[in-house]
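Going from the sequence shown to the working numbering is simple: count from 1 and add 62.
Just so you know, the hints here were simulated from the structure itself, not pulled from any lab data. Take the hints with a grain of salt, since some may be wrong.
[To be verified] Derived DEER-like restraints, expressed as beta-carbon distance ranges:
(1) 116 - 228: 34 to 40 angstroms
(2) 362 - 418: 22 to 28 angstroms
(3) 225 - 151: 37 to 43 angstroms
(4) 235 - 427: 17 to 23 angstroms
(5) 182 - 213: 45 to 51 angstroms
(6) 307 - 63: 18 to 24 angstroms
(7) 214 - 353: 23 to 29 angstroms
(8) 211 - 427: 39 to 45 angstroms
(9) 453 - 362: 28 to 34 angstroms
(10) 238 - 426: 51 to 57 angstroms
Beta carbons are placed, not taken as given, at the ideal position from N, Cα and C, and that holds for glycine.
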Amino acid sequence: MYLALGLILNICLGTVYSWSVFRVPLEVHFTAGAVASGLPYMIMLAVFSLTMPVAGTVLKRIGPRQTALIGGVLLGAGWIGSSWAPTIAAVSLFWGGLGGVGVGLTYVVPLTMAHAWFPRRRGLAMGLVLGGFGMSPFVTAPIAELIIERIDVLAAFRILGIAFAVLIPVLAASFRMPQVDGEADRRATATQTAAGGRALLTPRGMIKTREFYALWVALLLGSIIGLGAIAITAPWAQRIVGLTGGAAALAVSILAIFNGVGRPLFGFLTDHLGLRRTAVSAFVMSAVATTALILDTGNSVYSFAGAFAIFWLLLGGWLAIAPAATALLFGPVSYPQNYGIVFQAYGLGAILGTLYSGRLNELFGSYRAVLWPMLVAGVVGVVVSWWGFSRVRAREYHQK
63 MYLALGLILN ICLGTVYSWS VFRVPLEVHF TAGAVASGLP YMIMLAVFSL TMPVAGTVLK
123 RIGPRQTALI GGVLLGAGWI GSSWAPTIAA VSLFWGGLGG VGVGLTYVVP LTMAHAWFPR
183 RRGLAMGLVL GGFGMSPFVT APIAELIIER IDVLAAFRIL GIAFAVLIPV LAASFRMPQV
243 DGEADRRATA TQTAAGGRAL LTPRGMIKTR EFYALWVALL LGSIIGLGAI AITAPWAQRI
303 VGLTGGAAAL AVSILAIFNG VGRPLFGFLT DHLGLRRTAV SAFVMSAVAT TALILDTGNS
363 VYSFAGAFAI FWLLLGGWLA IAPAATALLF GPVSYPQNYG IVFQAYGLGA ILGTLYSGRL
423 NELFGSYRAV LWPMLVAGVV GVVVSWWGFS RVRAREYHQK
């Protein structure tokens, strides 16, 4: 039940990934450029990540239900406030700033619940609840597009904001943390230590390890690639491939399936193949997809669909690899705070990914210019993962 409720709750939170559907209508409404229209998305993801360490502390003190209640109200307020915004800067303040705090507070709730309730299969459990975040555009992008077409883009903010402010507290109303199972914790700790992990590290101890910096940089690079690609999916489909606005929204919706599937898939792979193999494989896939787009000078719809499906899949994958790796490497005791620190890489990736994609488009007149930085990030990611996780052996969260 908690996995199902957490998945649905994350569908609400993951509407941030439908931003490319809002982007072109906002550019028209406010007469804004590509960089300006990416600011709300960038600020939302950055504030979201900055809130995560605080959210872990808040959850520990007041519990999951109250944390989700506060987060849901703030998220709804951010969306509703954006519906009366006079400028794109005001949208950035309300949707990106206030809404980002709401997402950050709420996001940690189902993630920590999955971590606590499933100590033997943490990677898979966290991937399943996070799948809702990744698959959200499959549900929310068509709804947003319909409201935009029937009314206008600002009305879409208001309607969705009201829905989230009501739904999120209701979904989290039954959440509670499990009683501590001392024997299960001892087994998980023993398995973790045998795999090369450092059981029960606090944030101060975590930041002294090589694995922390490798994980942080790997998540940063994966986020730059994935979030940059997601931010330009609809504009790429319309301006480079030549799809209509409705077809571009449909593409975002379909690609969201890959983002959702990537989370349980890569959570499962991290559990069973090990961190190093999984991380290296993810970056190799990214480099291959980017190379395919570079070589396709005809801007085929098939190369667009295939490459962007991989980008969406891998972003979902990194948002399962990172929390599972944090639990593996640094233990369960300080997990919410530890992952909050690791998650800062995602926020920086959101800033860099959004800025470079918009800026390169303005400089070179095409979103194709973003491909070369993405390729470099993929190659560097292979090297960082191969070296940084060399001491972490393949292991499983569950006992055979």
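Outcome of the hint check:
1. 116 - 228: 34 to 40 angstroms: Hint violated: Cβ distance 24 angstroms, outside 34 to 40 angstroms.
2. 362 - 418: 22 to 28 angstroms: Because 24 angstroms falls inside the window, the suggested range holds.
3. 225 - 151: 37 to 43 angstroms: Given range 37 to 43 angstroms: violated, Cβ gap about 25 angstroms.
4. 235 - 427: 17 to 23 angstroms: This hint is violated: roughly 51 angstroms between Cβ atoms.
5. 182 - 213: 45 to 51 angstroms: 48 angstroms, holds
6. 307 - 63: 18 to 24 angstroms: 38 angstroms, violated
7. 214 - 353: 23 to 29 angstroms: 40 angstroms, violated
8. 211 - 427: 39 to 45 angstroms: 28 angstroms, violated
9. 453 - 362: 28 to 34 angstroms: With Cβ atoms ~43 angstroms apart, the hint is violated.
10. 238 - 426: 51 to 57 angstroms: 53 angstroms, holds
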